[in-house]
Amino acid sequence: ELNLDDLASLTSKVTEIRPHTEEYTLKNGRRIYVLAQGRLVNLVAAEGHPSEVMDMSFANQFLALLQLSREGRNMEKKVYVLPPQQDQEIARIKLETMGIRIDSLSKAQESYITDYSAGT
Numbered sequence: 002e003l004n005l006d007d008l009a010s011l012t013s014k015v016t017e018i019r020p021h022t023e024e025y026t027l028k029n030g031r032r033i034y035v036l037a038q039g040r041l042v043n044l045v046a047a048e049g050h051p052s053e054v055m056d057m058s059f060a061n062q063f064l065a066l067l068q069l070s071r072e073g074r075n076m077e078k079k080v081y082v083l084p085p086q087q088d089q090e091i092a093r094i095k096l097e098t099m100g101i102r103i104d105s106l107s108k109a110q111e112s113y114i115t116d117y118s119a120g121t
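In my numbering, the protein residues as written are 2 to 121.
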């Protein structure tokens, strides 16, 4: 936490650099940058991914940790890429909870999108 009143008493000028970022120019010329008015940045200035996206990321992280807890002793010490099927399954379940269903391509559609004989 910051005492912005005390900081203001030491300041000659306050400039908003961008949303949620202020530059306090002190009377001695030094500058201090304050984010989110000294509050919790992730709550005040949340400009990242919405919770609807983050829940899928957390699901992926959870499944990775689950695999690590089950198989970690037998795994090499390296970075592993999560299988795309896991992402797809999480996305499918997420859409299902929203009442959205994605169908699969027919054989004719699969053939069409991989055939370039008719041009692009």
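No wet-lab data here; the hints were simulated from the structure.
Every residue, glycine too, gets a C-beta built ideally from N, C-alpha and C.
Hints may be right or wrong, so weigh each one.
[Said to hold, decoys possible] Each pair of labels, with its calculated beta carbon distance range: (1) Val80 with Glu53: 51 to 61 Å; (2) Val82 with Asp56: 20 to 30 Å; (3) Val42 with Gln68: 28 to 38 Å; (4) Asp116 with Ala92: 24 to 34 Å; (5) Arg71 with Thr16: 47 to 57 Å; (6) Gln68 with Arg93: 13 to 23 Å.
The hints, checked one at a time:
Range check, Val80 to Glu53: Cβ separation about 27 Å, and the 51 to 61 Å hint is violated. The given range of 20 to 30 Å is respected by Val82 and Asp56, whose C-beta atoms sit roughly 21 Å from each other. Roughly 32 Å separates the CB atoms of Val42 and Gln68, a value that falls within the hinted 28 to 38 Å. Look at Asp116 against Ala92: about 27 Å separates their beta carbons, and that is inside 24 to 34 Å.
Distance hint check: the CB atoms of Arg71 and Thr16 are about 53 Å apart, consistent with the given range 47 to 57 Å. At about 19 Å, the CB distance of Gln68 to Arg93 agrees with the hint of 13 to 23 Å.
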